[in-house]
Amino acid sequence: MATAEEIIATVDRILVDQFELGADQVAPSARLREDLDLDSLDAADMMIAIEKRFGVRLDDNVARSFTTVEDIHHYVRKLVLEKEAAEA
Amino acid sequence: MPQAVIVGSGMGGLTAALLLQKHGWQVQVLERHYRPGGFLHRFFRQGIGYDTGFHYVGSAGPDQLFGRAMKHLGVYDRLRFSELDPEGFDWLWFPDRQFRVPAGFERWKAALTAAFPDESQGIANFAEELRRASRAYGWFHLDLSTPPESVLPWEECSLQQVVERHLKHPQLRAIVCGQTAPLYGIVPAEAPFGLHAVVTDHFQQGAYSVDGGGDRLARELVRELRAGGGKLHLRTPATAIDVREGVAQGVWSGERYFPADLVVTDIHPSLVLDLLPAQAVRPAYRDRVRNSRVGAAHIGVYFRVEGDLSVLKRRNLYRFRSWDVEEMALPASPEAPPSFYFLAAPGAREQGRAGTEQVLVAILTAEHKIFEQLNGESGETRSEAYRAAKAGIEGQFRAVLAEDFPQWKVLAMESSTPLSTQHYTGAPGGAIYGHYHSVAQMGRYRYSSRIKVRGVLQVGHAIGFPGICGAMMSAYVGCAEILGGETLVAELKAA
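Just so you know, the protein sequences line up as chains B and E, in that order.
Last residue of the first sequence: number 88 in the working numbering, and the count goes up by one each step with no gaps.
Last residue of the second sequence: number 495 in the working numbering, and the count goes up by one each step with no gaps.
Just chain E, same shape as in the assembly (with noise of 0.2 angstroms):
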C-alpha cells in the first residue's frame, strides 16, 4: 500500500487524505496544533465555540460542487447544513443605502435592476461576462474539457477594469465590488476578475452554514480519515522533509519520521521551503517564493450580545463606513473607528445548541507588521503595547457597534490578532488566504502544486483559490496528478 504522509490538517490537507485514502493510500496527517482544521478552527470559551476562520460557504447543496464533494468524501450526511436567506444573504451597509445580495442569478440581477433602473444593460453585460469567466474554471463545473489555460486572460484583468466597462453608478459599482472582495481580502483594482467570478457564482447557487461551524467539519472529516484506517497525529509539528536525490521520502517531526512516497504539503509554500533540504529547490524558484506577498491580515473580534439577533439569523452583515470599497483594506487602529467590518451569527443559525445563540464573530481588517513591531521582542507573553493596541481596537469596534445595533447589550468580548493567527495556523503574516490573490500573482504568476522535488503535492488556499471551496478544490486539483482528473470528475459526478 502506498503511503502518504500529509503535513497540515486544514481544508486542504484533510481533503487530499481523503482522497487519497479513497485510492488506496495508507494516509497519515500532521498537525502542529492540538486540535484539527487549520482554519476551520473553533475555540471555546466557557464551553462555548466562536468560529475563526469559517463563516459560511456556497454551493453547498446537495448536487453543487461543495455538496457533492461533502459526498465524494463521505460526511455530506453527518453535516446539517442550512441554507442562509436566498432573497438576502449578504448585507451591505454602505453610509447612506443598503442593499442584500439575493442568491441566483436572475434574482441578482434583478435586484441590482430595481436599485438601478438606469443600468439594466450594463448590469446583465456585467453578470455575463461573470457568468464566461466563472464557466473558464472546468474544475469549479466539473468540465474538464475546458483547458486550464482558458482562466489566464480571466485573472490578468481586475475587478475594477471590469466594473468599469460596465457600471457607471458609483454606488453601483461600490455595491458589486462590496459583496465579496472583502471576504477574499484583495481590493478591486488588484483582484483578478476571474477569482471575483468564482467566488461570487459560488455563492449565488447558495449560500450555506454548516451546524458547529468549521470544528463540526473539520471533525467529521477526521472521523472519516480513522474510519478508513488513516491516522492524525496531533501536536505533531512537520519539522523537515527528507528528500534523496531530487525524490521525497518522509517526513520529520523533531525525532519521529514518517515514510512517505508521497508528501502533501497543506501549508505556505514558504513553509514548504522551510522543510526542504537548501539545495532542493533551484534559486529562481527560491527567491520568487520568498519575495512573494501573502495575503491579507484581520482582527478577528468574538463576543456574546444580550438581544434579539434575527437580523443576522440568516445573512451576514458588510459595513463600510464609505462607499470607497478600496477603504476595507485599511487597517483598524485603536484611533479611529474601523473603516470596514464583516459581521455573522453562526450559532444563531444552529438548532439546538445552548449557548451559542448569542454568539457573534466580527473580522476587521489588519497589518500583521504593526503587531509584530508594537510586541518587539515579547514572544509570546505580549507586550504591554500590543496589549493596548489590540483594546483601543475593540473599544473603537463597540463604538461602531453600539452605533449601528444600539439594540445590543455586549457580554463577553475578545480579539485575536494577525500573530494570533501565526501562533495558530503557522500562516506567515498571520494571513487568513495565505497567497495574495492579486493580478501580479496570479495567472501565469501562480503557485504550482509540483515543486522540483518529486513526490511533494502543495495544496491549499495559497496554491488554489481562497476560502473554504478554493482550499478544498485545490486539493482535488493538486491529487489529479497522481489519481487522474478524469477520475476524480467522474466520481464528483456519480457522488
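Isolated chain B (complex conformation) (with noise of 0.2 angstroms):
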C-alpha cells in the first residue's frame, strides 16, 4: 500500500525529472502554467507518464483542470487508492 507521502514524491520526481523542473521549483502551490510553464502539449505527455507509472488511467475532463501541483496530488492519490482498494 503506497502512502499518500510515497504517492506525492513519485508524482514530484516525474514533474522534475521528465519535465525538467527544479525540485524547489515543484511546490505544491505551484501553479502549472504561469509558474511551471506547463501547457497543453505538457499536458498530454503528463499524462501518459503519470499513466505508466502508477498503472492508473486519467480522466480527460480532471486532467484539463489541473492548475496547480496540489490537483494532480490529489487527484493521482484518489486513483491509487481507489485501484489499491479495489485490488485488494
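Calculated from the structure, these hints are not laboratory results.
C-beta: ideal position from N, C-alpha, C; glycine also.
Check before you lean on any hint, since a few could be wrong.
To be verified - Here are a few chain B residues that sit away from chain E, every Cβ distance over 12 angstroms (derived from the structure):
{"hint": "1", "residue": "Ala4"}
{"hint": "2", "residue": "Glu6"}
{"hint": "3", "residue": "Asp24"}
{"hint": "4", "residue": "His73"}
Unchecked claim - Label pairs and their computed distance ranges (CB to CB):
{"hint": "5", "chain 1": "B", "residue 1": "Pro28", "chain 2": "E", "residue 2": "Pro170", "range": "50 to 58 angstroms"}
{"hint": "6", "chain 1": "E", "residue 1": "Arg45", "chain 2": "B", "residue 2": "Arg33", "range": "55 to 63 angstroms"}
{"hint": "7", "chain 1": "B", "residue 1": "Pro28", "chain 2": "E", "residue 2": "Thr239", "range": "41 to 49 angstroms"}
{"hint": "8", "chain 1": "B", "residue 1": "Asp39", "chain 2": "E", "residue 2": "Arg398", "range": "34 to 42 angstroms"}
{"hint": "9", "chain 1": "B", "residue 1": "Asp35", "chain 2": "E", "residue 2": "Asp287", "range": "49 to 57 angstroms"}
{"hint": "10", "chain 1": "B", "residue 1": "Val16", "chain 2": "E", "residue 2": "Gln171", "range": "35 to 43 angstroms"}
{"hint": "11", "chain 1": "B", "residue 1": "Pro28", "chain 2": "E", "residue 2": "Ser322", "range": "51 to 59 angstroms"}
{"hint": "12", "chain 1": "B", "residue 1": "Asp35", "chain 2": "E", "residue 2": "Leu142", "range": "34 to 42 angstroms"}
{"hint": "13", "chain 1": "E", "residue 1": "Gln161", "chain 2": "B", "residue 2": "Asp35", "range": "39 to 47 angstroms"}
The two chains are supplied separately, each in an independent frame; assemble them into the complex guided by the hints.
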C-alpha cells in the first residue's frame, strides 16, 4: 500500500525528471502554467507519464482542469487508493 | 514575406507547402531523395512505372473531400481520376467465398444484407454507427462545429468491439473487417473504430485511381509549387533544425542553411527529434516518441504479366488465405505461402500509357526486424541471407499467384522490403504509415502537430490518419494553426 507521501514524492519526481523542473519549483501551490510553464502539450505527456508510472487511467476532463501541483497530487492519490482498494 | 521550410515532400509536406504559399508565404521544400513525393513515389524499369505507396484514393469526386482539396491546391484539372467499379471496387477473396465491396452506404448495406439476410438489423446498426463515428471527425466533413474531442470515444473502442456488438456470423465479421483493416495495417482488435469509419466512409464515397499514379500527383503538386514561386530542393536532407531560445530559426542541410519563420516537418516525429537540439523538448515527450510503436511494414512485389487483367481493371483484390482476418498481420516468410496479399493493377486503369497496362503491384505484410537481422552489418550491399529470404518470399508469392490466376504468365518480378522503404523514405522501421494508429496510440495519445519548439509544425500520416487522404488532411489541420481552420474550410467549400 502506497502512502500519501510516497505518491506525492513520485509525482514530484516525474515533474522534476520528465519535465526538467527544479525540485524547489515543484511546490504544492505552484501553478502549472504560470509558474512551471507547463502547457496543453505538456499535459498530454504528463498524463502518459503518470498513467505509466502508477498504472491508473486519468480522466481527460479532470486532467485538463489541473491548475496547481497540488491538484495533481490529490487526483493521483485518489486514483491510486481506488485502484489499491479494488485490488485488495 | 514570411518564409517556411518544409522537411519532406510527401503528400503532407506538399499540401502544407501549397497551403502556405497560397497564403503569402515564401516556401522551400527539402527532400532527401532524388524524386519528390515520399510514398507517392513511383520507380521505373525500362521506362515502365511501378507505384510504391499510392494505389487508390477515396472521395476524389469534384464535390468530395479529396477532389475539393485538389481543386483548392490548384491541380485538379491537370489530374485524370478514374472511378473504380462502384458495384465492387474492392474484391475480398476468402478461402471459399468472395465479396465485392460496392460504393455508397445503401448499396454496401444491401450487398451485405443479400449475403447475410439474417443479420439485416445488425448490418443496419453497424452502418449507422460507422456513419456517426465518421461524422465526429469535423475536418473530414468540412464542419468545424464538431468539437475536436468528439473523436475521442471513437478512438477508444476497437473495430472488433463494434463488430462483435452488431454482427454475429464469423464470415460477415471477417468481410466487414477485411475490407479496409489490411489497408491501414492494424488488426481489428487494435484498430480504433473511428479510424476504420473515416477510411471506410471516404472509400464509400467512391474509390478512384489517378492516371500516372502517385508520381503524377506529386509532379503536379510540385509544378504548382514552382508556378507560385516556391522551391523544391532534391537530394537535400535536413540535418538539423536551428532552435534559439525555444524558437525555430531555420533548417540546416549539411553546410547549407535555409532560414525560416516556420518549419513544417513531414517526417516521423522521432526523426524530428533527431533534428532538434537535445534540450529542445522535455524528456517526457522524448521518451514518449522514442517508445512509441511504428506502423506495419510491407513487402512490395512489382511485376508484369502476360494475360488478361480485366478482372483487376476497376478493382483491387484483398486475398485472404484464412477466415481469421488477424492473420493478415503474420509476416510473409520464405517457408510458407503468404496469409494475405493485396493486389492492384494501376496501369490497367490508365488510358494511353504504353507498357504499363500489364503492371501489377502486390503488398504483403512484413516485419522490419527480420530483414534487419538477416542483413546484419551488410548495409546497402545486402547480405546473402537477406537476398535469399527475399527470393524465397517472391517464390512463395509466385506459387499462390499461379494458383489464384493460372491464366497469367509472369514476365518480370522484383520486390522491396521494409529496408528498401526505409532507405527511400527514411521511415523508421520501414513503416508505410509511420505511426501505429492503434487504440493504445490514438485518441488522447495522438501526436500533436505542435511541439514544444515554437515555429515547428508536424504534418504527415504519423500525425493524422494513414493514407494519402490522411496525410493530406494532416497538413490542413496542422496549417490551420497558422492560417485558421475556418478560413481553410471556407476555401475548401468554395473550391
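A quick look at each hint next to the structure:
1. Ala4: The claim holds: Ala4(B) sits with its nearest Cβ about 24 angstroms from chain E, beyond 12 angstroms.
2. Glu6: Nearest chain E Cβ is 21 angstroms from Glu6(B), so the label holds.
3. Asp24: Label holds. Min Cβ-Cβ 18 angstroms, cutoff 12 angstroms.
4. His73: holds, 18 angstroms
5. Pro28(B) to Pro170(E): 50 to 58 angstroms: holds, 55 angstroms
6. Arg45(E) to Arg33(B): 55 to 63 angstroms: holds, 57 angstroms
7. Pro28(B) to Thr239(E): 41 to 49 angstroms: Distance hint for Pro28(B), Thr239(E) holds at roughly 44 angstroms.
8. Asp39(B) to Arg398(E): 34 to 42 angstroms: Because 55 angstroms falls outside the window, the suggested range is violated.
9. Asp35(B) to Asp287(E): 49 to 57 angstroms: violated, 23 angstroms
10. Val16(B) to Gln171(E): 35 to 43 angstroms: violated, 55 angstroms
11. Pro28(B) to Ser322(E): 51 to 59 angstroms: holds, 57 angstroms
12. Asp35(B) to Leu142(E): 34 to 42 angstroms: At 40 angstroms between Cβs, range holds.
13. Gln161(E) to Asp35(B): 39 to 47 angstroms: holds, 42 angstroms
Comparing the model with each numbered hint stated earlier shows that hints 8, 9 and 10 do not hold.
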